[in-house]
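Chains as they are written, first to last, in this note's numbering: chain R, 1 to 196; chain U, 1001 to 1202.
Treat the hints as calculated values from the structure; they're not laboratory data.
Ideal Cβ positions, reconstructed from N, Cα and C, are used throughout, including at glycine.
Mixed in with the good hints there might be a few duds.
Derived Cβ-Cβ restraints for the label pairs, each shown as a range [as the list claims (entries may be wrong)]: (1) 1004/U - 73/R: 40 to 46 Å; (2) 96/R - 1069/U: 41 to 47 Å; (3) 1168/U - 170/R: 25 to 31 Å; (4) 1171/U - 188/R: 54 to 60 Å; (5) 1111/U - 11/R: 24 to 30 Å; (6) 61/R - 1073/U: 27 to 33 Å; (7) 191/R - 1111/U: 49 to 55 Å; (8) 1037/U - 13/R: 28 to 34 Å; (9) 120/R - 1140/U: 39 to 45 Å; (10) 1003/U - 167/R: 41 to 47 Å; (11) 73/R - 1133/U: 33 to 39 Å.
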Amino acid sequence: MNFAKELTKGLIKDNPIFVLVLGMCPTLAVTTSVINALGMGFAATFVLLCSNIIISLIKNITPSKIRIPVYIVVIAAFVSIVDMVMAAYLPALHKSLGLFIPLIVVNCIILGRAEAFASKNNVVMSIADALGMGLGFTLSLSLVGTVREIVGAGTWLGMRVTPLTYDPALIAILAPGAFITLGFLMALMNMLKEKK
Amino acid sequence: MGYLGEIFVMAMTAIFIQNFVLARFLGLCPYLGVSKKLDSALGMGLAVIFVMTLASAITFLINKYLLIRYDLLYLQTIAFILTIAALVQFVEMVIQKNAPALYNSLGVFLPLITTNCAVLGVAILNTTAFRSDGVTAYNFLDSVLNGFFSGVGFTVVLLAMAGLRMRLEKSEIPKSMQGMPIALIIAGIMALAFYGFMGWKI
């Protein structure tokens, strides 16, 4: 087990969204545009990194019976920090992510990594794990966001990328488009995996 | 419009128009995870209705009489999630004692109600929600009813999904589409159908 391996496993092999299918709520809700996806990805990565560090530090003094509530309090504390910092410095992004910032608390990826990894490994490995998983999450969100924004609005990061004759299919940035886009992307991943 | 009318509007909004799963994207993990069999979907749905109703009631009281009174609103997320975690533990113990069969079929998903974002979502939404006139904030009864109806909305689509997926097992699906991808695409088509309740033309 080495640092690089833990770091890269979140990108492809154990990708939190496409392979583990965790954290579906933010994946579908905030990927209406690339910028929202990136904001959500970085916020979740920050919380994941901090909570993984703290949890791996306190793993020996946490009674195993109440470990889940302990993890949740640690995570909720960092989520509150992100919530307040974002409200102060990035009010527009905070508004468009809305309810889903406090809901990072119940993002299965973060609690999942705390339980499955940080509670069993040392700090350095937990940092690698958090960075890899967070990055995998952010990249997957951006991928879904890219597809939805280009198809649904004809833009990428707010810049127009499609020819003016393209009539954006609004459905891609509405709720049904979220499910359908992710479904097809996942099928595509499966297809590529089978070919290998 | 009397209070009954208000309740009717709330029910229609929570169940159909702003459905928790299909329009608000809350509670997707159990929606995709526990929708393979009809009976476990029903058990999960009932557990969620129960927890959501109870959580709405308790978090409303905590918000009003602790957080707002003592100016502690920045602790809202932590206070709410702890309340919900304790509640779920309680429900789990009750089900384990009184309905072991149900407990076995729900298995790993009961503790996961804690991390079901629909429960925390409804608690947070209740603190900022308004009645249909747009000025009256939710009172205690409104919050409890909203929690209950949102849970019903979740259960309705969970059951519909479970029914669809049971039929799906008998049909031929391309290999790369099997499992999660086809479930997501079906959810998308369902969401499209629910957009009809909103009166959207796409």
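Requested in this report: Could you see if the CB distance from residue 96/R to residue 1069/U stays within 41 to 47 Å?
Outcome: Cβ of residue 96/R to Cβ of residue 1069/U: about 31 Å, so the range 41 to 47 Å is violated.
Whether the CB-CB distance between residue 191/R and residue 1111/U falls inside 49 to 55 Å: Since residue 191/R and residue 1111/U have Cβ atoms about 34 Å apart, the given range 49 to 55 Å is violated.
Given the range 40 to 46 Å, decide if the beta-carbon distance of residue 1004/U to residue 73/R lies inside it.
holds (41 Å)
task: For residue 1037/U and residue 13/R, compare the CB-CB distance with the range 28 to 34 Å and indicate the outcome.
output: For residue 13/R against residue 1037/U, whose Cβ atoms are near 30 Å apart, the range 28 to 34 Å holds.
Range first: 24 to 30 Å. Now tell me if the beta carbons of residue 1111/U and residue 11/R are that far apart. Check passed, 29 Å falls within 24 to 30 Å.
| Do the Cβ positions of residue 1003/U and residue 167/R conform to the proposed distance bound of 41 to 47 Å? | holds (46 Å)
Is 33 to 39 Å a correct range for the gap between the Cβ atoms of residue 73/R and residue 1133/U?
holds (38 Å)
Should the hint that residue 120/R and residue 1140/U are 39 to 45 Å apart at their CB atoms be regarded as holding? Given about 43 Å between the Cβ atoms, the range holds.
Lying within 27 to 33 Å: is that true of the beta-carbon distance residue 61/R to residue 1073/U?
Holds: the Cβ-Cβ distance is about 31 Å, inside 27 to 33 Å.
Holds or violated: 25 to 31 Å for the Cβ distance of residue 1168/U and residue 170/R?
Roughly 28 Å apart at Cβ, these two residues keep to the hinted range, so it holds.
Falls inside 54 to 60 Å, the C-beta gap from residue 1171/U to residue 188/R?
Distance hint for residue 1171/U, residue 188/R is violated at roughly 21 Å.
Of the hints listed earlier, those the structure fails to meet are numbers 2, 4, 7, in rising order.
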